[in-house]
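Participant: So the chains spell out like this:
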Amino acid sequence: MPAEVKPLTLDHVTKTFRTRGRGRVTAVDDVSFTIEPGAAVALVGASGSGKSTIAGLVTGAQRPTAGTVTYGDTVVDRLRAGGLRRYHHDVQIVFQDPYGALNPLHTVGYTIARPCRNFLGMSARETDQRVRQLLEQVGLTPAAQFAPKLPHQLSGGQRQRVVIARALACNPGLVVADEPVSMLDVSLRAGVLRLLADLRESRGLSLLYITHDLLSARVVTDQILVLHDGRVVESGGTKQVLQHPTDPYTVRLLDAIPNPFAA
Amino acid sequence: MSGPLLSARSVDVVYEPARGLRIWSVRDVDLDLAEGEFVGLVGESGCGKSTLGYALTRMLRPPARLTGGRIEFAGVDIAYLSGEQLRQQRRDGFALVLQSGMNALNPVRCVEHHFGDVLRAHARAGENWSRAKVRQRGADLLDKVKLPSDVLRRYPHELSGGMRQRVAIALALALQPRLIVFDEPTTALDVVVQRAVMETIQELQRANGFTALLISHDLGVVLEATDRVLVMYAGRIVEDQPAGDLLTGAHHPYTEALLRCYADPRADEVTLGGIAGSPPDLSLDEPGCPFTPRCPEAEDVCRQLDPPLEPLGRGAAACHVRARLATKGAAHAG
Amino acid sequence: MSILSTQLPAETSVAPTAGMPARRLRLPGPVLFVVRAVATLWTNGKARIGMVVFGCFVLMAVLAPAVAPHSPYSTDYPPYLGPSGAHWFGTTGNGEDVFSQFLYGARVSLLVGLAAGLGATAVAAVLGLIAGYRPGVIDHLLSFVTNIALVLPGIPLMLILAAYFSSHSVWTIVLVVTLTAWATGARVIRSQAISLRTRDFVSSATFSGERLGRVVFREILPNMTSLVAANFLAAATAAVTAEASLEFLGLGNPATISWGTILYHAQQQNALLTGQWMMIFAPGLAIALLIMSLTLINFGVDALSNPRLREKS
Numbered sequence: 001m002p003a004e005v006k007p008l009t010l011d012h013v014t015k016t017f018r019t020r021g022r023g024r025v026t027a028v029d030d031v032s033f034t035i036e037p038g039a040a041v042a043l044v045g046a047s048g049s050g051k052s053t054i055a056g057l058v059t060g061a062q063r064p065t066a067g068t069v070t071y072g073d074t075v076v077d078r079l080r081a082g083g084l085r086r087y088h089h090d091v092q093i094v095f096q097d098p099y100g101a102l103n104p105l106h107t108v109g110y111t112i113a114r115p116c117r118n119f120l121g122m123s124a125r126e127t128d129q130r131v132r133q134l135l136e137q138v139g140l141t142p143a144a145q146f147a148p149k150l151p152h153q154l155s156g157g158q159r160q161r162v163v164i165a166r167a168l169a170c171n172p173g174l175v176v177a178d179e180p181v182s183m184l185d186v187s188l189r190a191g192v193l194r195l196l197a198d199l200r201e202s203r204g205l206s207l208l209y210i211t212h213d214l215l216s217a218r219v220v221t222d223q224i225l226v227l228h229d230g231r232v233v234e235s236g237g238t239k240q241v242l243q244h245p246t247d248p249y250t251v252r253l254l255d256a257i258p259n260p261f262a263a
Numbered sequence: 264m265s266g267p268l269l270s271a272r273s274v275d276v277v278y279e280p281a282r283g284l285r286i287w288s289v290r291d292v293d294l295d296l297a298e299g300e301f302v303g304l305v306g307e308s309g310c311g312k313s314t315l316g317y318a319l320t321r322m323l324r325p326p327a328r329l330t331g332g333r334i335e336f337a338g339v340d341i342a343y344l345s346g347e348q349l350r351q352q353r354r355d356g357f358a359l360v361l362q363s364g365m366n367a368l369n370p371v372r373c374v375e376h377h378f379g380d381v382l383r384a385h386a387r388a389g390e391n392w393s394r395a396k397v398r399q400r401g402a403d404l405l406d407k408v409k410l411p412s413d414v415l416r417r418y419p420h421e422l423s424g425g426m427r428q429r430v431a432i433a434l435a436l437a438l439q440p441r442l443i444v445f446d447e448p449t450t451a452l453d454v455v456v457q458r459a460v461m462e463t464i465q466e467l468q469r470a471n472g473f474t475a476l477l478i479s480h481d482l483g484v485v486l487e488a489t490d491r492v493l494v495m496y497a498g499r500i501v502e503d504q505p506a507g508d509l510l511t512g513a514h515h516p517y518t519e520a521l522l523r524c525y526a527d528p529r530a531d532e533v534t535l536g537g538i539a540g541s542p543p544d545l546s547l548d549e550p551g552c553p554f555t556p557r558c559p560e561a562e563d564v565c566r567q568l569d570p571p572l573e574p575l576g577r578g579a580a581a582c583h584v585r586a587r588l589a590t591k592g593a594a595h596a597g
Numbered sequence: 598m599s600i601l602s603t604q605l606p607a608e609t610s611v612a613p614t615a616g617m618p619a620r621r622l623r624l625p626g627p628v629l630f631v632v633r634a635v636a637t638l639w640t641n642g643k644a645r646i647g648m649v650v651f652g653c654f655v656l657m658a659v660l661a662p663a664v665a666p667h668s669p670y671s672t673d674y675p676p677y678l679g680p681s682g683a684h685w686f687g688t689t690g691n692g693e694d695v696f697s698q699f700l701y702g703a704r705v706s707l708l709v710g711l712a713a714g715l716g717a718t719a720v721a722a723v724l725g726l727i728a729g730y731r732p733g734v735i736d737h738l739l740s741f742v743t744n745i746a747l748v749l750p751g752i753p754l755m756l757i758l759a760a761y762f763s764s765h766s767v768w769t770i771v772l773v774v775t776l777t778a779w780a781t782g783a784r785v786i787r788s789q790a791i792s793l794r795t796r797d798f799v800s801s802a803t804f805s806g807e808r809l810g811r812v813v814f815r816e817i818l819p820n821m822t823s824l825v826a827a828n829f830l831a832a833a834t835a836a837v838t839a840e841a842s843l844e845f846l847g848l849g850n851p852a853t854i855s856w857g858t859i860l861y862h863a864q865q866q867n868a869l870l871t872g873q874w875m876m877i878f879a880p881g882l883a884i885a886l887l888i889m890s891l892t893l894i895n896f897g898v899d900a901l902s903n904p905r906l907r908e909k910s
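Protein chains in written order, with our numbering: chain A, 1 to 263; chain B, 264 to 597; chain C, 598 to 910.
The hints are simulated quantities; they were obtained by calculation from the structure and are not laboratory data. Don't take every hint at face value.
Cut-off 16 angstroms, straight-line C-alpha distance, at most; resulting in silico cross-link-like pairs (EDC-like, lysine to aspartate or glutamate) [to be verified]: (1) K6/A with D73/A; (2) K239/A with D222/A; (3) K239/A with E466/B; (4) K407/B with E466/B; (5) K239/A with D531/B; (6) K396/B with E421/B; (7) K239/A with D213/A; (8) K409/B with E462/B; (9) K239/A with D527/B.
Bear in mind the structure is a predicted one, so any value in this text is a computation, not a measurement.
Full structure from sequences and hints, please.
Facilitator: Take a look at the structure:
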């Protein structure tokens, strides 16, 4: 169990960028929401809707132009280098691209060990044990066989599991998953999603699941926020919103997904 | 004309990198495309679908190589044509729309230049493509893909992803091909734009009557848009059925498993399936059905003999077990 | 809602563990790095030949005192002798044994080549990494300096610097070459650093709690090993040539024993006319072979940063 899972709150957060040629672009426009401890929330929207920017704001990689981001008592947007580093102990990220998220020159064991050494202050032997544990938890067994492998020796699904193991290594309270399965083959997605869901349940951590894929959002999360042009246009229970959307953009998004399976 | 527009028999494609192992990307594929058909080719990464698409349109580049088979387009074997003869076939023959059709556009040239390039390169003797004529034809083609004519003056970076893909499609239509192969045309696009572009492709196909081959990893897109679906696995075609039939019941265990990976997010109960294991190593030349290690119905014969693609249902499937069950069923019924 | 799957056992490994076997030896970091690098280079055929040739030169330099038949400085021998049994490469106009000089000469050429190569690469790497990883004012400043250094013509600058420095020792030459050779490398390394900086695995390292130093030296730099190694080999090649050229032009110290000074003396003493053709041929060929060996090693350098290239087919 993580030390204590805290609520994450975005309060009237706005983020604008200055771009060459197009002037100021508002990526996130007055967004407010709270992720309660242990909740799984989906953030859905098309590309350019601001979802990745929000991921950056939540993890501290970006600072809002206006508004605040708080995790428990910590005001995320005011953190400096040292504080930000400690913040990563609580809030971790799973990236979209399993091929780019791992350093091609480091073994799986090394990659997963780093957060253990940095955040949990473990000795080499303790770290080895923990790495083995984590590899088993994400289904990469026998762990001893996977630990010395380099990323190019693993498949996309296996790499993504390593990325998840690394994110969970330091026992974070909140995991931001940015399109974690969109680059995986369809047949591999259920396995990785099931893993995320199980681990989340067993550890009681919060999950911010960012995606444009409504099916996986439905399967992994309880609440959903629909983002359009930087604004939250609809929010509510995932099943509820998908079955009875009220905002016209949500309706358009639902219609856009190819769905020959609908009755 | 009678007979299929494109007929491929025993197509084999091998991928031979300078360093590394030889990979059999496409194995012994037989395929027919009739005039005016909209066919989908579906499979996951590494199954060989793009390679097959490239092979059929003669776009393979080393280290990929067509090592065997016949590819007949309107009766002419194009498998081993080259140079001028091949170019002639491309004009009012077949065209290919690439996955990143967006990256297929030259970033330092405006759209009009691209049209001029295509039209002049394939101009028939005596045809004179003046700038005015190019502009006229360009505007017509852009209109077909629902773009305004001022796009002609734009450069690729000034257009959105969806617009660039439409330009790529318009370019493919320029020579009035009888067959267009679309390689993942909407994968790199936003989900809402995807829907719009797919609808445009469907309308174009209906209006112009060309044969379309849609290559995609997204079974949902393919089932919605196409008349007939081919499913590929490990370089082979394992199932070939009308789209509607596939929805109600697949005949190959892989297709069935794949269908379980899709669901309607709006349903009351949603279960998402997956397939354990991973595709076989294509550098190994092993006999038998490639899906055997992951197949719940596998039997000894599956490990020993390559299953042939045989008629099953209203189409065909390559599965020993299912074929046997079907003949038993027929025997009982008959 | 639930996620159901048709039997989802744990992932079983598909690829056999190829590449580096797990070693139980605990060598210190830098040594292990060099050992691994050498092993990686060895897998490439061309690099292997280059390493062997280079190894021969290293042996020559190291074993010179043991192998040389005479002292390279002693002028006791009859001058202007052509190649013979007693003096394989003949003697100089001053009565020195050319073969001994040739063997000892390898030391200077190798020393200058490696030292200047390392120096130029180190400067390029540090400046390139700083400029690439920290955008903004620092980057602008460093790029400005780099661009100026790039614009200055190398050879004339080298000649002027060499003539200007009052002490004409080997280290002067090392310094001169370092100062003229760092700029190209810095530019290229900066570009690579910029492209690597935005990669997910670098952000992930930050998320894993790694501090700046570790991110730069353990995440970014190793992925640039190929680039830095190629840079080093190019700089070393340039240094060997530069040293020989400067010595040959008399801008070095004629008293040192190096291949360049042998050529200098050969020219001064009209060696071809007096029949001492080995005085020209030997050092010339040696320089060419040394440079060739470095160039061959360069072929294997790609695999250092791309583990996929290490496995043999």
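Participant: State for each hint whether it applies.
Facilitator: Each hint tested on the structure:
1. K6/A with D73/A: holds (9 angstroms)
2. K239/A with D222/A: holds (8 angstroms)
3. K239/A with E466/B: violated (33 angstroms)
4. K407/B with E466/B: It holds: about 9 angstroms lies between the C-alpha atoms, which stays within 16 angstroms.
5. K239/A with D531/B: holds (8 angstroms)
6. K396/B with E421/B: Roughly 24 angstroms separates the two Cα atoms, so the pair is violated.
7. K239/A with D213/A: holds (14 angstroms)
8. K409/B with E462/B: holds (11 angstroms)
9. K239/A with D527/B: Given that 16 angstroms is the threshold and the Cα spacing comes to 11 angstroms, the pair holds.
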